[in-house]
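Position chain B against the provided structure of chain A, taking the given hints into account.
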Amino acid sequence: MLGYVGRRLLMAIPILFGVSIVIFITIKIIPGDPVASLLGPTGSPEARAALTERLGLNEPWPVQYVTWLGHTLTGDLGTSIARRSDVAPMVLDALMNTLILSAAAAVIAIVLGVAVGALTALRRTGILARLGNALALFSISVPQYSIGLLLIIYLAAGAGLFPVSGMYNPNGDGGFVDLFNHLILPAVTAALVPAGIIARMFRSSVLDVMSMDFVEALTSRGLSHRRVMVHAFHNTVPSLLTVAGLQIGYLLGGVIFVEAVFAWPGIGLLVYQSITQRDLPVIQAGVLVSALAFVVLNLVVDALHGLVDPRIRA
Amino acid sequence: MTTSLEKDPAATDTTVAPLQVTDLTTTFVSRHRSVDVVRGVSFTLRRGETMMLLGESGSGKSVTARSIMQLYGSAAKIGGSVTMNGRELLGLPAPELRSLRGGQVALIPQDPTGALDPLRRIGSQLVEVLGVHGVATTKQAARRRAEELLAMVGIPDPKRVADSYPHQLSGGMRQRAVIAIAVSCDPQVLIADEPTTALDVTVQAQILELIVELQQRSGTAVLMVTHDVGVARDFGGRIGVMYAGRLVEEGPAAQVLGEPRHPYTSGLLAALPTPGVARGALRSIVGSPPPVGAFPAGCAFAPRCPQARPSCHEQDPPLVTVAPDRAAACPVANPGPAQERAA
Chain A
1 MLGYVGRRLL MAIPILFGVS IVIFITIKII PGDPVASLLG PTGSPEARAA
51 LTERLGLNEP WPVQYVTWLG HTLTGDLGTS IARRSDVAPM VLDALMNTLI
101 LSAAAAVIAI VLGVAVGALT ALRRTGILAR LGNALALFSI SVPQYSIGLL
151 LIIYLAAGAG LFPVSGMYNP NGDGGFVDLF NHLILPAVTA ALVPAGIIAR
201 MFRSSVLDVM SMDFVEALTS RGLSHRRVMV HAFHNTVPSL LTVAGLQIGY
251 LLGGVIFVEA VFAWPGIGLL VYQSITQRDL PVIQAGVLVS ALAFVVLNLV
301 VDALHGLVDP RIRA
Chain B
1 MTTSLEKDPA ATDTTVAPLQ VTDLTTTFVS RHRSVDVVRG VSFTLRRGET
51 MMLLGESGSG KSVTARSIMQ LYGSAAKIGG SVTMNGRELL GLPAPELRSL
101 RGGQVALIPQ DPTGALDPLR RIGSQLVEVL GVHGVATTKQ AARRRAEELL
151 AMVGIPDPKR VADSYPHQLS GGMRQRAVIA IAVSCDPQVL IADEPTTALD
201 VTVQAQILEL IVELQQRSGT AVLMVTHDVG VARDFGGRIG VMYAGRLVEE
251 GPAAQVLGEP RHPYTSGLLA ALPTPGVARG ALRSIVGSPP PVGAFPAGCA
301 FAPRCPQARP SCHEQDPPLV TVAPDRAAAC PVANPGPAQE RAA
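Going down the list, the sequences are from chains A and B. Heads up: the first sequence begins at 1 in full-length UniProt numbering, then just goes up one per residue. Heads up: the second sequence begins at 1 in full-length UniProt numbering, then just goes up one per residue.
Looking at chain A on its own, in the form it has when it is part of the complex (with noise of 0.2 Å):
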């Protein structure tokens, strides 16, 4: 098992190294000259130069990227151009609050999803499997930025249940209460398309296993209706492990816009902020964050996987 941890822990070192690389590249390639927008269009020909050397634009992109993964390996992630200020605090802010939501949003897309799925393959019939099967459907067609939008007009600013935006009353004591309020909303919305997706994988995984032969073997051997459910609700378990694995990672690549119609200051908004406002170490580090949270995760999944199913750990 732990060689197994290993490997995949050794097979993440490329992968980073391959996000860098592409990462520095796609922020060479974006139209946008940094200088120009920070010194705005009135910058003189000298002052221009100046800022070039300074940022070091001027170097060839080899080497620039070796300084930038240089900074980047020792914690420094360099200072953001619009807010003059460091760029990994920031960053690093945000990327918790991101997770926090794409946690709460994962947890509401399981456990939904593992019920509805878990009652529509096993009742397949009846008004209640009917209804799962619809809401599923429903929850994957849906954008979710209007989803958003309708829970903020209706719940939010109609009913005044719930915050409209933000992460904490600027007025309240900002303790659990008020970030759980402020968290409901936007965790439903990111919640309900992974949810869909979890519920209809796994429905067909319930339907799979159920047909297998063991669990047949299972109550020739005298186990209980119960028992051999567990047995097989055990064999769910690897294919749940994919998909919510994929599920959560879409989750934190997709919560922008979540996090843009709800103005929860994780690292979606954080990046969209930033794009247009041309800041490129920012961009460049909350992508990077993004991916390396990305690789983990995958990592954790794979670990898992690897503790349930003892034919991957060989």
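Derived by calculation from the structure, the hints in this document are not laboratory data. Some hints could be false.
As the list claims (entries may be wrong) - Reference listing, derived: stretches of chain B covered by chain A, where coverage requires no fewer than 3 residues with Cβ under 8 Å from a Cβ of chain A: (1) 99-107; (2) 114-120; (3) 128-135.
What the hints assert, rightly or not - Rough simulated footprint, nothing fancy, chain B against chain A, three-plus residues with beta-carbon under 8 Å: (4) 209-219; (5) 230-236.
We treat Cβ as the ideally placed atom computed from N, Cα and C, and that holds for glycine.
Frame of chain A; chain B shown alone:
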């Protein structure tokens, strides 16, 4: 082992057969239609005896075996009677059925890979069954018994195998483990559904030998389902040939295979290669078996039968005694006044 059985006076009566199947019918019901798969099968399995159900795919042999254990739940309607030591099994309440399954009747399924939970160690799967049937009361005792059972089915290092997952074992080892689970609670009837079909030829013989050995040791009655005439010949005992959901011929294996009475059995044997005979000597039966759910009126074999009489297409001939200890469901096999077979 099971208290309900100890109270049953029939259990101690050796004249009562461990398994008696009378006029068994199995009908699969779905929302749109119902399909008769087993149509009136009767046979008796005595203590220590082996009975082979021989037939092609779709002949209903596996369904017969599973119907005895009532593994289809609400998917199938099962009619007729199945008794163990005189006690009726059909319609038993769920708890009694559970203690029966794996306790007094055990199943060895065809594919050992599918029969084991891939995520559980062999030992834990054995221990679970021992626990469910109350054979071992403590964890340590169950574990010790599990290793004994693995050793008994010829696994050389039972400790290691008990700690292994199914995918870490070879197919033959897996089938041995499945057999260990099946015999763990000392069943009176062991149902083996093509136990060697999924295995290499070299391993097949070993597994069959193991089943014979276990049977001789414990006096278990074995109901073996197979499509393989070779297996049926090696195994001996009694044989029941099935076609289209019916038993068409029954008797001691050597006699049935040596001197078949039913035209279907003859056809089946003629289609087998015999060592030393040229390839061209093989004869296949013309046509193919009727699909399940579309059995013709009269004898289901009549459309393919070279000796069919006009009456065969109208009336399904009953299984009647054609010689001492032998029965066939065919008027051709039974010239002279037909006498309905008693048991």
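Outcome of the hint check:
1. 99-107: holds (count 7)
2. 114-120: It holds, with 7 qualifying residues against the three required.
3. 128-135: Holds, because 4 residues of the region 128-135 of chain B bring their Cβ atoms closer than 8 Å to Cβ atoms of chain A.
4. 209-219: holds (count 7)
5. 230-236: Coverage by chain B holds for the region 230-236 of chain A (3 residues, Cβ < 8 Å).
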